[in-house]
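Trainee: Whenever a hint applies, use it, and build me the whole structure from the sequences.
There are 2 protein chains.
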Amino acid sequence: MTSPRLKAEIARQYGTPAVVIDLDVVERNIARVQGYCDRAGIANRPHIKTHKSPLIAKLQRDAGARGLACQKLGEAEVMAAAGLDDLLICYNLLGEHKIGRLGRLLASTSVTVSADNPTVVRGLAPAAAIAGRALPVVVECDTGRKRAGVETAAEAVALARLIASTEGLRFAGLLLYPPDGGTAAAQGFLDTVKAGLAAEGLPQPAIVSTGGTPNLRDLGALGGATEHRAGTYIYNDRMMMMAGAATPADCALTILATVVSRATDDRGILDAGSKALTSDKRDCDGYGAILDYPDSRIHALAEEHGFLDLTGSAARPAVGELVRIVPNHVCVAVNMTDRAIAVRKDTIVGEIAIAARGKTG
Amino acid sequence: MTSPRLKAEIARQYGTPAVVIDLDVVERNIARVQGYCDRAGIANRPHIKTHKSPLIAKLQRDAGARGLACQKLGEAEVMAAAGLDDLLICYNLLGEHKIGRLGRLLASTSVTVSADNPTVVRGLAPAAAIAGRALPVVVECDTGRKRAGVETAAEAVALARLIASTEGLRFAGLLLYPPDGGTAAAQGFLDTVKAGLAAEGLPQPAIVSTGGTPNLRDLGALGGATEHRAGTYIYNDRMMMMAGAATPADCALTILATVVSRATDDRGILDAGSKALTSDKRDCDGYGAILDYPDSRIHALAEEHGFLDLTGSAARPAVGELVRIVPNHVCVAVNMTDRAIAVRKDTIVGEIAIAARGKTG
Chain A
109 MTSPRLKAEI ARQYGTPAVV IDLDVVERNI ARVQGYCDRA GIANRPHIKT HKSPLIAKLQ
169 RDAGARGLAC QKLGEAEVMA AAGLDDLLIC YNLLGEHKIG RLGRLLASTS VTVSADNPTV
229 VRGLAPAAAI AGRALPVVVE CDTGRKRAGV ETAAEAVALA RLIASTEGLR FAGLLLYPPD
289 GGTAAAQGFL DTVKAGLAAE GLPQPAIVST GGTPNLRDLG ALGGATEHRA GTYIYNDRMM
349 MMAGAATPAD CALTILATVV SRATDDRGIL DAGSKALTSD KRDCDGYGAI LDYPDSRIHA
409 LAEEHGFLDL TGSAARPAVG ELVRIVPNHV CVAVNMTDRA IAVRKDTIVG EIAIAARGKT
469 G
Chain B
109 MTSPRLKAEI ARQYGTPAVV IDLDVVERNI ARVQGYCDRA GIANRPHIKT HKSPLIAKLQ
169 RDAGARGLAC QKLGEAEVMA AAGLDDLLIC YNLLGEHKIG RLGRLLASTS VTVSADNPTV
229 VRGLAPAAAI AGRALPVVVE CDTGRKRAGV ETAAEAVALA RLIASTEGLR FAGLLLYPPD
289 GGTAAAQGFL DTVKAGLAAE GLPQPAIVST GGTPNLRDLG ALGGATEHRA GTYIYNDRMM
349 MMAGAATPAD CALTILATVV SRATDDRGIL DAGSKALTSD KRDCDGYGAI LDYPDSRIHA
409 LAEEHGFLDL TGSAARPAVG ELVRIVPNHV CVAVNMTDRA IAVRKDTIVG EIAIAARGKT
469 G
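Chains A and B, in that order, are what the protein sequence lines are. For any residue, its number in the numbering used here is found by taking its place in the first sequence, counting from 1, and adding 108. For any residue, its number in the numbering used here is found by taking its place in the second sequence, counting from 1, and adding 108.
FYI, nobody ran anything at the bench for these hints, they're computed from the structure. Just to be clear, a hint being listed does not mean it is correct.
When chains are identical, the list treats them as one kind, so a pair holds in a single copy or across two.
In silico lysine to aspartate or glutamate, DMTMM-like type, Cα no more than 20 Å apart, as pairs [claimed, not checked]: (1) K254 with D373; (2) K389 with D373; (3) K166 with E459; (4) K166 with E308; (5) K254 with D417; (6) K254 with D374; (7) K389 with E411; (8) K254 with E411; (9) K453 with E263; (10) K254 with D288; (11) K467 with D446; (12) K302 with E335; (13) K453 with E335; (14) K467 with D288; (15) K453 with E204; (16) K453 with D400; (17) K467 with D417; (18) K302 with E117; (19) K453 with E117.
Mentor: What follows is the structure, given as structure tokens:
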């Protein structure tokens, strides 16, 4: 999405800020990552948390993905309603409301869930009863992120035993999410769990799922891994570029914004603020990269204002000018809009519904 | 919203995370701020950017508000569609898409817009032509925030002259948004503009609009101010408490979340992450205050995970426990959901549609 004509046409038809997705780049990203997985002999289970779109999920499936990963039950419901199957929900689900929904989802869709503690495991059984079939459960293991996941191999084995012995549940494997460079530690954890399962006469894990776009570079390095969940690669963002996992040419999503104010020579305001770009900063400089003015900085955000610092930029945009922004963290930026504009080369080719936006439950 | 029974009932009916609004507190906040305005002789023009809800806007109107402020055109369209009138859009609008929409809105609704530069002013005229009636325009003045707004009184007068001389537009006044403690500087700016307008034979500003919830404490201090736009006071949040503009009892909105993981004794995971609480941190400690465990901290967020640090908390929640979180910045947290749950005392009384959520354009 480079031509002034296309930028103007998007603004004319949709106004700004607009979320723009280049489907040519999306298809390249899909093919590249599917190729990585195929060559490593690892099943590709893309994580839909990034795109939240059944349309994009179907492109991934049709290119060879084996199932999808969802972070929340609501995301899985949207994918299932669109006819997508083999869904792994990477989250501890509990509470009457969720378990009822999970049971109804399981009745018609192949779905696997994760769990990292006995309270969650015991709470899952009614979902199988509602569905009238077994619910596969993987044990989430912490391999360094200190987020969710059991901390020790012994806990993983104990949880596998509880799952295997709970009516309606089936122990399906292990969910890992090693940090960058964490393969060696994950290998030790995994091998210890497998030995423990064998010692107890429990089945070996059918699924050993790893995750993360930066971790694609280590694909195949973890012995025993069966599948990989990468999400962000579909669009990429500044974080992925900082992690060395993407180049500017791999960034499929930009936010088209208008310069609405230039109160002084060295600053300006964009009509994209924290409600379009989000305040997710991570280690990035400012709140998005402006492709058209790479030496400018979005140094602060109000809800509807992006604060432009132009002091380092010889070229400076005029009021009314359209600029394209690569967000810091694309997953949360996608989540701010119900609709994206799909383009190819110099043409608008359609709209993409972000049907699983806001499905936090 | 304090009883365990109510928390459980919300979780049972809606699941978590859930955005919960206490209408008793909302009504107290509305009455208190309307009282401030009435006593100061300043018209109350609540900013709907916080609640994004026609239902809440009507409560404000019925309590005595004179019109509403909207930050974006899309928000004004939602309010107008719900029958609300006298809308001030505090934003530079430009581009064919927006001007066409503005013209259609103006045809049926009393709407005023702001502008801080000649490009925007000249671009507004077609909206009046579409509507078949004059468009009132206020000049946005920077009184210290270095966001949008003309920097000098001379620029403000020049822009007023341009508005007054542009077919279809009417100079309606001045939009100010002084920072905390910025009344004296704003007074100097305002007085100089008024003198300049008089010297040029231009009309005096019919509207002199100030803004901000913390600035309510200075209401009436700016001589010549006619109205005030406060938004956040409707729900309040941690930022407002830090600014001394609210107490915990004034916080009407909480996010009900579930503790889904407790991997070790001193940490846990909530099912509310950056897609529920947002990464808007400002100067707050962590990403929200947990009312039920005030000594715990949400020290980090992933998209769907709130990272609980319990080291400082003697009391520690179990997996499955429900907790209530006051967000750092309520306006952006509201923008993450399409629906909030309305409660009074110990009872769910209905749902509130966040109809203007995501209207960034």
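Trainee: Measure nothing new, just compare the shortest in-copy and cross-copy C-alpha distances for K453 and E204 to 20 Å and report within, between, both or neither.
Mentor: Result: close neither inside a copy nor across copies, 48 Å intra and 23 Å inter.
Trainee: Treating 20 Å as the Cα threshold, decide for K453 and E117: within, between, both or neither.
Mentor: For K453 and E117, the Cα distance is within 20 Å only inside one copy (13 Å; across copies 51 Å).
Trainee: From the Cα coordinates, with 20 Å as the cut-off, is the pair K166 and E308 best called within, between, both, or neither?
Mentor: This pair counts as neither: shortest intra-copy Cα distance 40 Å, inter-copy 64 Å.
Trainee: Could you figure out if K389 and D373 sit no more than 20 Å apart (CA to CA) within one copy, between two copies, both or neither?
Mentor: neither (26 Å within a copy, 29 Å between copies)
Trainee: At most 20 Å between alpha carbons: which applies to K467 and D417, within, between, both or neither?
Mentor: neither (35 Å within a copy, 25 Å between copies)
Trainee: Can you give me the call for K453 and D400, within, between, both or neither, at a CA distance of at most 20 Å?
Mentor: This pair counts as within: shortest intra-copy Cα distance 17 Å, inter-copy 53 Å.
Trainee: Given identical chains, is K254 near E411, meaning Cα to Cα at most 20 Å, within a copy, between copies, both, or neither?
Mentor: Classified as between: cross-chain Cα gap 15 Å, same-chain 31 Å, threshold 20 Å.
Trainee: At most 20 Å between C-alpha atoms: does K254 with D374 qualify within a copy, between copies, both, or neither?
Mentor: This pair counts as between: shortest inter-copy Cα distance 11 Å, intra-copy 43 Å.
Trainee: Please sort K453 with E263 into within, between, both or neither, judging by C-alpha distance up to 20 Å.
Mentor: neither (52 Å within a copy, 42 Å between copies)
Trainee: Tell me, please, which holds for K467 and D288 at an alpha-carbon limit of 20 Å: within, between, both or neither?
Mentor: Neither: 28 Å inside a copy, 37 Å across copies.
Trainee: For K467 and D446, with the copy left unspecified, which applies at a CA distance of at most 20 Å: within, between, both, or neither?
Mentor: So K467 and D446 pass the 20 Å test inside a copy (12 Å) and across (10 Å) alike.
Trainee: Treating 20 Å as the Cα threshold, decide for K302 and E117: within, between, both or neither.
Mentor: Intra 57 Å, inter 41 Å, cutoff 20 Å: neither.
Hints 2, 4, 9, 13, 14, 15, 17, 18 from the earlier list are contradicted by this structure; the remaining hints agree with it.
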